[in-house]
Amino acid sequence: MFLARHEMLYEKLRYSLMIAVISLISFLIFIISALALGLANENTEALSSWPTKQVLLSKDANGNMGQSLLSTEALKAYPHQNQQAQVGITPTTLKGQSKNISVQYIGLKSNEYIYQDLKLSSGHKPKHRNEIVVSDKLTQYQLGSKVKLGVSSQTYTIVGKARHAQYNMAPVVYGNLSNWAPIKGVTPNYGGSGIIVKDSSGLKPKHADEKVLSRQAFLNKMPGYAAQNKTFILMIVFLVFISLIVITIFLYILTKEKLNNFAVLRAQGVPNRYLLQNTLGETFIMLLLSVGLASLLAVVSAMLMPKQIPLYFDWQLGLAVGLGILSTGLLGSLIPMRMITKVDPVSAIGG
Amino acid sequence: MNSLLLKDINKTFGQGSATVTALNHINFKAKAGELTLIIGPSGSGKSTLLTILGGLQTPTQGQVFLQGQSLTELTNKQREKLRLEQIGFVLQAYNLVPYLRVRDQFALVDQLTQHHLAPAAFQQITNKLGISDLLNQFPNELSGGQTQRVALARALYPDPAIILADESTAALDSQRVLVVGQLLQDLAHSENKAIVAVTHDERLKQFADHIYELIDGHLTPVY
Ligand SMILES: Nc1ncnc2c1ncn2[C@@H]1O[C@H](COP(=O)(O)OP(=O)(O)O)[C@@H](O)[C@H]1O
Ligand SMILES: [Mg+2]
Numbered sequence: 001m002f003l004a005r006h007e008m009l010y011e012k013l014r015y016s017l018m019i020a021v022i023s024l025i026s027f028l029i030f031i032i033s034a035l036a037l038g039l040a041n042e043n044t045e046a047l048s049s050w051p052t053k054q055v056l057l058s059k060d061a062n063g064n065m066g067q068s069l070l071s072t073e074a075l076k077a078y079p080h081q082n083q084q085a086q087v088g089i090t091p092t093t094l095k096g097q098s099k100n101i102s103v104q105y106i107g108l109k110s111n112e113y114i115y116q117d118l119k120l121s122s123g124h125k126p127k128h129r130n131e132i133v134v135s136d137k138l139t140q141y142q143l144g145s146k147v148k149l150g151v152s153s154q155t156y157t158i159v160g161k162a163r164h165a166q167y168n169m170a171p172v173v174y175g176n177l178s179n180w181a182p183i184k185g186v187t188p189n190y191g192g193s194g195i196i197v198k199d200s201s202g203l204k205p206k207h208a209d210e211k212v213l214s215r216q217a218f219l220n221k222m223p224g225y226a227a228q229n230k231t232f233i234l235m236i237v238f239l240v241f242i243s244l245i246v247i248t249i250f251l252y253i254l255t256k257e258k259l260n261n262f263a264v265l266r267a268q269g270v271p272n273r274y275l276l277q278n279t280l281g282e283t284f285i286m287l288l289l290s291v292g293l294a295s296l297l298a299v300v301s302a303m304l305m306p307k308q309i310p311l312y313f314d315w316q317l318g319l320a321v322g323l324g325i326l327s328t329g330l331l332g333s334l335i336p337m338r339m340i341t342k343v344d345p346v347s348a349i350g351g
Numbered sequence: 001m002n003s004l005l006l007k008d009i010n011k012t013f014g015q016g017s018a019t020v021t022a023l024n025h026i027n028f029k030a031k032a033g034e035l036t037l038i039i040g041p042s043g044s045g046k047s048t049l050l051t052i053l054g055g056l057q058t059p060t061q062g063q064v065f066l067q068g069q070s071l072t073e074l075t076n077k078q079r080e081k082l083r084l085e086q087i088g089f090v091l092q093a094y095n096l097v098p099y100l101r102v103r104d105q106f107a108l109v110d111q112l113t114q115h116h117l118a119p120a121a122f123q124q125i126t127n128k129l130g131i132s133d134l135l136n137q138f139p140n141e142l143s144g145g146q147t148q149r150v151a152l153a154r155a156l157y158p159d160p161a162i163i164l165a166d167e168s169t170a171a172l173d174s175q176r177v178l179v180v181g182q183l184l185q186d187l188a189h190s191e192n193k194a195i196v197a198v199t200h201d202e203r204l205k206q207f208a209d210h211i212y213e214l215i216d217g218h219l220t221p222v223y
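For the record, the sequence lines run as chains A and B.
Sequential numbering of the first sequence, starting at 1, is according to this note's numbering.
Sequential numbering of the second sequence, starting at 1, is according to this note's numbering.
Here chain B stands alone, though its shape is the one from the complex (with noise of 0.2 Å):
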């Protein structure tokens, strides 16, 4: 089965002659145990089509499967429920509540749902991710890379069988960059997850499993 499944997605803004396509005829899948890559110019439709894959968005036509279940069938609460405890987000910013430590930053999701991971598989996630000692932090006192690695950490914790990664390397160094991408090659092999990054840095290509290419909202398979 497939994690996620797009079929024949449109995503149109606007009205008239003042139309934008963001998304051109859109087919597209990904699986557990694979990093797939979506990668593209600026402008070309990524964040569009990251926010339809995680339910954010409707699209103007065509459907999206989740774990095989239709995401347009389901209420906004549903939709809710599935986000928190089936896709797990790397966010560009903002990612980490500021007001937590890295420790609460997981606890908040104890606070709202049973669905998560337990304490043995958790302490495994956190010395893998290397932020064991970064536990009683609060995220600006983290650099770069370790917040890039608790925002990992928090979105493997509610153990989702989805990630989505946005442009999860636009603010890190050649170095940081394939670190990161070693990670979420390394996570979706290691924990089975179904790893969706859309980005536009080329640098990431050699971790996939899969390639997209996305052009002005036309989505081709490289591989």
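Just chain A, same shape as in the assembly (with noise of 0.2 Å):
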């Protein structure tokens, strides 16, 4: 580390600039990884609070809650259990004093799990069929505030409101789960969409025209989900393969610079090893300024960004980036490395 650490303070603007390029790399990767778990929060946040480890919905809905429709009849069929509990979830649109909004609506039972273990900031629980509970996002809406839910004529009082009341990227209404038909326009013959099971007792369709789905296979399913995850997927390989590249350019420069004089050095007789430990102990410190200063810039970037950028941090997240680009990093020094084990020694000797 001596020649790392006085090459490094020698040519303090080279590196600075490479630190700086990728701090700025390592900073965008910061923020997509925020992003793209902040989307995806916005999606399941839910669906996690209540839990959920499989649901069960209507064949024809190809995995779409929305779109499901199970009759009264058929949820006969599956009396009350502690570990489950029927609802009906429609896209809907709450519109009040302010601007039509667009929600999910969530209908459920006073008797079941969801209901009974719903986490709220402020308010109670829904009382009466004409009570709603919403969303704590929805700030523009007061505890007492009457509003309308799509087709239906029924005006309802929001009484609390709930934390973690995301799905498919709308805010969440829960309320009775007979108000689910007329909001959502359909005929009292069916009572909900689906039926939502918290632990993996195993819950069997009942009818040929119904579907068992484990968590990860719904949310797969859940419109627009898997492609987001994707597309961030890919921004984030795509970036952590540049940084590598513009890593190996750059060592591959300085190193190509440094021929000579390691040439000399092994003809004194400095071992290989202590030449290789030396970019390897440059290279770590200038992965791990630059990943510091990214987590710094991403931290008060999420302070100063607007609260609409669904930005989510975490530390294992922070963790899992930062090792990430540190290693690829590092593996951008083996072909510097490889130079510097080819060097010859002889050829400090000419004329």
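Hints were generated in silico from the structure; no laboratory data involved.
Don't be surprised by glycine CBs; every beta carbon is placed ideally from N, CA and C.
Just to be clear, a hint being listed does not mean it is correct.
[As the list claims (entries may be wrong)] Examples of chain B residues toward chain A, derived with CB under 8 Å:
1) F89
2) N95
3) L112
4) D166
Both chains come to you apart, so use the hints to assemble them.
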């Protein structure tokens, strides 16, 4: 590390620029990862809060809960269970004193687990048919506000605000299951859209037109979810790859410039291992500083970012991304290290 | 004992009709406390000879002894250690690490081996070479002559038995050549080193204790 330390201090501008470039790429990777996680969360937050292990819905719905219809008759085949909850989920519009908002209505039964485990940040759970709880992201509505939902002519009163109430990119409105049909505009023959199971007790469909999906399979069928995730993964892989190339090019040029001097050092008896350790050390210091700087930048910009941008940071993600950048960077030092091992000390003596 | 001894050394490059004989049945010795000069025109094999003396290349035929130890019997690692501790190279260019201050050129040796001059002896050398005031400079802040003297100090720092100098006056004017020649002679005598310098520079002859002439790979002792 002796050579690495002195070289970096001597070539301050050169290394600062390099660190700046890697920091910016790393910063971008951090932000995009946080955005990916944040957007994924917008899809899954409510499902995770319940929690959800399995989902039963009608076969025709192709995994999309908003398209699933189960008849009142069919639902009778599934008697009350502690780990199961019937739900009626539909995308709809919330109309009140301010402009219309797209929401996901989730109808619940008050004797089942989702209703009972509901975590509120204010107010209370719905006690009557015309009471609803809305996501605490809907800050434009206060407790006591009167609103309308979908095609139903009923007026609803907001009596509570729920935490972690985001489903398929929209804020959730929780209410009574019996309101689901009028809000969605289907006949009362239909009793709900599906059954959520919170543990792996194992639910089997009781009718031929029904299907049970695992949590992951259900998420992958959720409109937009898989495409979104794949796009982000592609972007992240691409950025990591770019940082690998940038680091490799930089180290290649630096090393090439120093080969004559390395030959002299080798002739003077400096072991190869010592020179390799220095190049590795230099790369490591550079990456560590870059990742550190990038995470600092990411944290600061997350604080300055408008609330609508769903950045979601957690330290596990940060650690994983940081380690990813670090290890690709070290991979980038492989070519320069190979160059060093190929240096012929005889070439130091010329003329 | 001879510090360096070459017995019937041959060095050829290439195969068949393309074979180049760089060194032809060479016998050579150098002793501690003496400056030995190998003088010859360009292409005569001086650099090849120096790399063999320094254990950087092995001869095609013959034996190399350094302090009585046969170099051909050593492993690469042992030869590396020998170069670090027993041989000081003074090379034409790139001799100093560009991003290390003069004092750190020596600190680098401290990093690698316990085998180096004690502080008092080191101070004596830097005084003798007139570089005590240059310790905080970077190589690109030094003049040609100063660089040469720092390179010599760097070569002496591990307290080696042998100093090998390659065309060490090539870049210098007449005045400087005389100074370096004088310096090499002084160091050989006062520090009791075996100094071998290869050069095509006739002006160095006056400082040598022994002179060899190298022409087309044939080495002949002059005195
Ligand atoms: N690695 C090598 N491969 C082929 N020929 C070489 C090699 N090294 C030196 N030679 C040849 O050996 C001869 C002596 O070279 P060198 O020792 O460099 O001479 P000098 O240092 O006196 O100028 C030259 O003819 C040169 O072309
Ligand atoms: Mg030469």
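Hint by hint, here is what the structure shows:
no.: 1; hint: F89; verdict: 6 Å, holds
no.: 2; hint: N95; verdict: 6 Å, holds
no.: 3; hint: L112; verdict: 6 Å, holds
no.: 4; hint: D166; verdict: 5 Å, holds
The structure meets every hint from the earlier list without exception.
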